[in-house]
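Visitor: As they're listed, the protein sequences go chains A and B.
Numbering of the first sequence is given in our numbering, commencing with residue 1 and proceeding in unit increments.
Numbering of the second sequence is given in our numbering, commencing with residue 1 and proceeding in unit increments.
Quick caveat, the hints were computed from the structure, so don't treat them as lab data.
Note that the coordinates shown come from a computational prediction; the quantities given were computed from them, not determined experimentally.
Please note that the accuracy of each hint is not assured.
Remember, identical chains collapse to one label, so a pair may be satisfied in a single copy or spanning two.
In silico DSS-like pairs for lysine-lysine, Cα to Cα no more than 27 Å straight-line [claimed, not checked]:
1. K26 to K124
2. K308 to K416
3. K319 to K440
4. K207 to K26
5. K319 to K62
6. K37 to K416
7. K207 to K370
8. K324 to K250
Protein chains: 2
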Amino acid sequence: MADKKMVEAITSMDEDFAQWYTDIVKKADLCDYTSVKGCMVFKPAGYAIWELIQRQLDDRFKATGVENVYLPMFIPESLLEKEKDHVEGFAPEVAWVTHGGLQPLQERMCVRPTSETLFCDFYKNEVHSYRDLPKVYNQWCSVVRWEKETRPFLRSREFLWQEGHTIHATAEEAEERTIQMLNVYADFCEQVLAMPVVKGRKTEKEKFAGAHATYTIEALMHDGKALQSGTSHNFGDGFAKAFGIQFTDKDNTLKTPFQTSWGCTTRLIGAIIMVHGDDSGLKLPPLVAPTQIVIVPIKQKAEGVLDKAYELRDNLKAKGFRVKVDDTDKSPGFKFAETEMRGVPFRVEVGPKDIEEGRCIIVRRDNGEKIECALDALADKIGELIPVVQHDMFEAARARRDSQTFVAKNWDEFEKIFNETTGFVKAMWCGDEECENKIKEKLAVTSRCIPFAQENLGDTCVCCGKPANKMVYWGRAY
Amino acid sequence: MADKKMVEAITSMDEDFAQWYTDIVKKADLCDYTSVKGCMVFKPAGYAIWELIQRQLDDRFKATGVENVYLPMFIPESLLEKEKDHVEGFAPEVAWVTHGGLQPLQERMCVRPTSETLFCDFYKNEVHSYRDLPKVYNQWCSVVRWEKETRPFLRSREFLWQEGHTIHATAEEAEERTIQMLNVYADFCEQVLAMPVVKGRKTEKEKFAGAHATYTIEALMHDGKALQSGTSHNFGDGFAKAFGIQFTDKDNTLKTPFQTSWGCTTRLIGAIIMVHGDDSGLKLPPLVAPTQIVIVPIKQKAEGVLDKAYELRDNLKAKGFRVKVDDTDKSPGFKFAETEMRGVPFRVEVGPKDIEEGRCIIVRRDNGEKIECALDALADKIGELIPVVQHDMFEAARARRDSQTFVAKNWDEFEKIFNETTGFVKAMWCGDEECENKIKEKLAVTSRCIPFAQENLGDTCVCCGKPANKMVYWGRAY
Numbered sequence: 001m002a003d004k005k006m007v008e009a010i011t012s013m014d015e016d017f018a019q020w021y022t023d024i025v026k027k028a029d030l031c032d033y034t035s036v037k038g039c040m041v042f043k044p045a046g047y048a049i050w051e052l053i054q055r056q057l058d059d060r061f062k063a064t065g066v067e068n069v070y071l072p073m074f075i076p077e078s079l080l081e082k083e084k085d086h087v088e089g090f091a092p093e094v095a096w097v098t099h100g101g102l103q104p105l106q107e108r109m110c111v112r113p114t115s116e117t118l119f120c121d122f123y124k125n126e127v128h129s130y131r132d133l134p135k136v137y138n139q140w141c142s143v144v145r146w147e148k149e150t151r152p153f154l155r156s157r158e159f160l161w162q163e164g165h166t167i168h169a170t171a172e173e174a175e176e177r178t179i180q181m182l183n184v185y186a187d188f189c190e191q192v193l194a195m196p197v198v199k200g201r202k203t204e205k206e207k208f209a210g211a212h213a214t215y216t217i218e219a220l221m222h223d224g225k226a227l228q229s230g231t232s233h234n235f236g237d238g239f240a241k242a243f244g245i246q247f248t249d250k251d252n253t254l255k256t257p258f259q260t261s262w263g264c265t266t267r268l269i270g271a272i273i274m275v276h277g278d279d280s281g282l283k284l285p286p287l288v289a290p291t292q293i294v295i296v297p298i299k300q301k302a303e304g305v306l307d308k309a310y311e312l313r314d315n316l317k318a319k320g321f322r323v324k325v326d327d328t329d330k331s332p333g334f335k336f337a338e339t340e341m342r343g344v345p346f347r348v349e350v351g352p353k354d355i356e357e358g359r360c361i362i363v364r365r366d367n368g369e370k371i372e373c374a375l376d377a378l379a380d381k382i383g384e385l386i387p388v389v390q391h392d393m394f395e396a397a398r399a400r401r402d403s404q405t406f407v408a409k410n411w412d413e414f415e416k417i418f419n420e421t422t423g424f425v426k427a428m429w430c431g432d433e434e435c436e437n438k439i440k441e442k443l444a445v446t447s448r449c450i451p452f453a454q455e456n457l458g459d460t461c462v463c464c465g466k467p468a469n470k471m472v473y474w475g476r477a478y
Numbered sequence: 001m002a003d004k005k006m007v008e009a010i011t012s013m014d015e016d017f018a019q020w021y022t023d024i025v026k027k028a029d030l031c032d033y034t035s036v037k038g039c040m041v042f043k044p045a046g047y048a049i050w051e052l053i054q055r056q057l058d059d060r061f062k063a064t065g066v067e068n069v070y071l072p073m074f075i076p077e078s079l080l081e082k083e084k085d086h087v088e089g090f091a092p093e094v095a096w097v098t099h100g101g102l103q104p105l106q107e108r109m110c111v112r113p114t115s116e117t118l119f120c121d122f123y124k125n126e127v128h129s130y131r132d133l134p135k136v137y138n139q140w141c142s143v144v145r146w147e148k149e150t151r152p153f154l155r156s157r158e159f160l161w162q163e164g165h166t167i168h169a170t171a172e173e174a175e176e177r178t179i180q181m182l183n184v185y186a187d188f189c190e191q192v193l194a195m196p197v198v199k200g201r202k203t204e205k206e207k208f209a210g211a212h213a214t215y216t217i218e219a220l221m222h223d224g225k226a227l228q229s230g231t232s233h234n235f236g237d238g239f240a241k242a243f244g245i246q247f248t249d250k251d252n253t254l255k256t257p258f259q260t261s262w263g264c265t266t267r268l269i270g271a272i273i274m275v276h277g278d279d280s281g282l283k284l285p286p287l288v289a290p291t292q293i294v295i296v297p298i299k300q301k302a303e304g305v306l307d308k309a310y311e312l313r314d315n316l317k318a319k320g321f322r323v324k325v326d327d328t329d330k331s332p333g334f335k336f337a338e339t340e341m342r343g344v345p346f347r348v349e350v351g352p353k354d355i356e357e358g359r360c361i362i363v364r365r366d367n368g369e370k371i372e373c374a375l376d377a378l379a380d381k382i383g384e385l386i387p388v389v390q391h392d393m394f395e396a397a398r399a400r401r402d403s404q405t406f407v408a409k410n411w412d413e414f415e416k417i418f419n420e421t422t423g424f425v426k427a428m429w430c431g432d433e434e435c436e437n438k439i440k441e442k443l444a445v446t447s448r449c450i451p452f453a454q455e456n457l458g459d460t461c462v463c464c465g466k467p468a469n470k471m472v473y474w475g476r477a478y
């Protein structure tokens, strides 16, 4: 009975999805609340996932020529106000610093909610000639937005992210970079997080404050709600004009450059939980699992069992795998439940009889499959299984998402789907913001994106019935 | 003449050391000032050094069992005030957030100047039993201290650092961890940054606000001024008592745990500049050089030269070296000066005649030595040279530091040294804070540390002449 205690403490996802999520975050030791309202602590198991995301995403950025920088965390009010749409979008939700030491500041400053204005101020000094272009910079940092309602990883007043900010000589180059980075995000989500995403463009209503165009990747969680998982913005020359950035081109004339920005955040950890998890806990794709393998010795007091477990561990470690032996005095059953809760991709069981027979059992967290394996072939087998598990987790997530993706050809169908269930609904849209407003008001549904992969589902708007030529993904979102 | 322009623009370090430092920071493109007073931008060349420091220091931390976490950047005022000495030390220099969004906050919060109070608040919830101990956590983040005078890398209102915070069942274990981390810093500085340091303990006057004992590593810059390069604090049970942290020990009694913290910052980049640099610019130890090798093609328009340069680059890159080809249309002389300014450890020159003869020239930045090398042996040769250069740079820095380290046996000698020059002065001290105050007042000199490696230089205090049994390093400090 005691062995099952950890698992029993978790709410079933069908019963109460929000509580299931909170239970996993807590039981898998990922993060915790703090005395600082709306801010959280990333505990080691949660932060280590972020470190693996950072390292792999950063490598992908650098392969495209990105360089990392670091800009101040403060924005003077006058700087924030330089781009009209931008300040309107962010001013209501920033934290204001008014005193430095014992003195009131001459001008108050906000803690950055995002750094477009700082990068513009920086580029204004850095960019003078076509020789100075492009600049393809990124920073890893935390930002602050004064949210009223917060949820671990999904929405907090301070969160961790990266923000790329680039500046180019031509509009074409800026658009190319915007799409290139969207593709980096999409490939990373699919190949590393095993999470299928829809790529597309945000409507005017949903685009970023100050952007010419915003592109997004949208994923679907287990409960049918969408999660915006990364965005890439093309600013055109709007910010550059507002900040007076100009350069002398090859033809010796003064021109205004073009900018982009793109970001993804620790929400991705929330996405991993809600795309892959089940009622036994977290399920981590091996490529972002801080611990990929837990070796559970069976009858660990029997002679040679722990020694063999340590030997297997050292061998796996030497091959570059992230592995631990659970040699605590807990029962094997408890250890099994705990590694499941924590989402460890592979559990390896090895006891006296196994050792005698020169074998062990590998148990996959993603599908529960048990695989017998020769002791001396363990590292090779794990090496083979990692891409298989990544692939299978991706396919399982895709199949589940597809089963929660619907088509609506008219308002009755559209309304019926969102009254009965939730998920992605593909439907035609006339392009009018009023229809978006009406849909949001009546069903609490927003346009997630105008996907690059368009389908022709008819020629009338699902909301107003007028002519429509855009197919949109709609959904309820985190 | 034009070739020399970059170099000529630099002030000589003997003429004006402060200006020489500023010139290098700017010409080597490491960082820049911003519109945010007292805060700086880390440009790609500067931030990449920090990334190399982070990666290698983090690996060393993790090898000792450290786990990374992330805590909020804000500290509610009531939390900051819980430890009396701590708040007195930091309250005068913090930035205060008073508004979130459009509303005033019920309680103002400061941006963390350091996170002892947040970690205590966190550990209070996490630590209940001896089974929960030790916790050996670290975070990489930025902190804010409202400094009046700022200098790039050395002192800025926001700076990047890591702060480790640990909690232990016994005082002995806490002291052991404090010293262990000081040794990690010292080894890192010596082995990676090629920078010799003195290890020791701070006096009561100079210790961290709220600490039981502070340990430090002190390095000596080219101008004879000291730079505190890393500190490790033993808090005893002071913070735990102030925050009410307790745990049930094995004997079933309630006990108070013991804590440590330790940190090092982006000042280390300033230290690298001022320990190794010369009048031609920056000199980077190969282990923290973002670019280790620049290949400069000679007569690059001649057939096959650029192709050979790219081939060498690709080969070096494949072997894991950080390498670039300078294929711009600048003259070779200009390229030489530029790679010197940027501190690139190795320049490789290859022209048509070299290619014909199957060789190239490697030029070491640290000592200017030119080494002929067969083209097909280049990667091996660079691999051999890296530890040699690290070693030689360390020895050169040590010889220079030793030449600037003096002994004073009485006040006259002490005063004379600091009136005529500056450097480390080793002298006996009675242990009385009044002598420290007097020395500071009269000579602007502070006690840097009571070194672990004590020498007996007599038995009277250099200041008051009373009995003394502590040998102290004194100096003027950044």
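Visitor: Go through the copies and call it for K26 and K124: within, between, both or neither, with a Cα cutoff of 27 Å.
Guide: This pair counts as between: shortest inter-copy Cα distance 17 Å, intra-copy 46 Å.
Visitor: At most 27 Å between alpha carbons: which applies to K324 and K250, within, between, both or neither?
Guide: between (59 Å within a copy, 25 Å between copies)
Visitor: Could you figure out if K319 and K440 sit no more than 27 Å apart (CA to CA) within one copy, between two copies, both or neither?
Guide: Neither: 52 Å inside a chain and 56 Å across chains, both beyond 27 Å.
Visitor: With 27 Å as the alpha-carbon cut-off, assign the pair K207 and K370 to within, between, both or neither.
Guide: neither (47 Å within a copy, 57 Å between copies)
Visitor: Is it within, between, both, or neither for K319 and K62, if the alpha carbons may be no more than 27 Å apart?
Guide: both (26 Å within a copy, 18 Å between copies)
Visitor: For K37 vs K416, is the C-alpha pair at or below 27 Å within one copy, between two copies, both, or neither?
Guide: Neither. Shortest intra-copy (39 Å) and inter-copy (57 Å) distances fail the 27 Å Cα cut-off.
Visitor: Tell me, please, which holds for K207 and K26 at an alpha-carbon limit of 27 Å: within, between, both or neither?
Guide: Result: close neither inside a copy nor across copies, 34 Å intra and 38 Å inter.
Visitor: Given identical chains, is K308 near K416, meaning Cα to Cα at most 27 Å, within a copy, between copies, both, or neither?
Guide: This pair counts as neither: shortest intra-copy Cα distance 59 Å, inter-copy 67 Å.
Of the hints listed earlier, those the structure fails to meet are numbers 2, 3, 4, 6, 7, in rising order.
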